[in-house]
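A.B. asks: Please put together the full structure from these sequences, using the hints given.
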Amino acid sequence: MDRAGIESKLTDILVDELGIDRDAVTMKAKFEEDLEVDSLGVVELLMALEDNFDVKIPDDEAQALVTVGDAVDIVEQKMNG
Numbered sequence: 001m002d003r004a005g006i007e008s009k010l011t012d013i014l015v016d017e018l019g020i021d022r023d024a025v026t027m028k029a030k031f032e033e034d035l036e037v038d039s040l041g042v043v044e045l046l047m048a049l050e051d052n053f054d055v056k057i058p059d060d061e062a063q064a065l066v067t068v069g070d071a072v073d074i075v076e077q078k079m080n081g
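So the sequence shown is numbered by the working numbering: it starts at 1 and just counts up by one.
I should point out that these hints are in silico values taken from the structure, not numbers from a laboratory.
You can take every hint at face value.
Quick list of in silico lysine-lysine cross-link-like pairs, DSS-like style, CA-CA up to 30 Å:
#1 LYS30 <-> LYS56
#2 LYS9 <-> LYS78
#3 LYS28 <-> LYS78
#4 LYS78 <-> LYS30
#5 LYS9 <-> LYS56
#6 LYS78 <-> LYS56
#7 LYS30 <-> LYS9
#8 LYS56 <-> LYS28
#9 LYS28 <-> LYS9
C.D. replies: Here it is in structure tokens:
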């Protein structure tokens with residue numbers, strides 16, 4: 001899957017699973033500050049990323065996810081080895 005596909009699927013996950021307004025999802029949007037995703041929401045997001053993209057994101061790497069772009073970066077990295 002290419003980067004655009006990852007971005008699109010991640011946006012769908014944020015909208016469908018966390019109820020975030022699609023227009024608010026940008027690559028620079030911060031999960032906690034801009035999208036108001038609480039710590040439980042972040043955990044749900046990580047599980048959804050692992051399930052939907054068939055990747056494993058260790059806790060130390062998960063803590064570095066601040067923006068939507070960060071999530072796309074790590075998923076792309078994990079999928080492409």
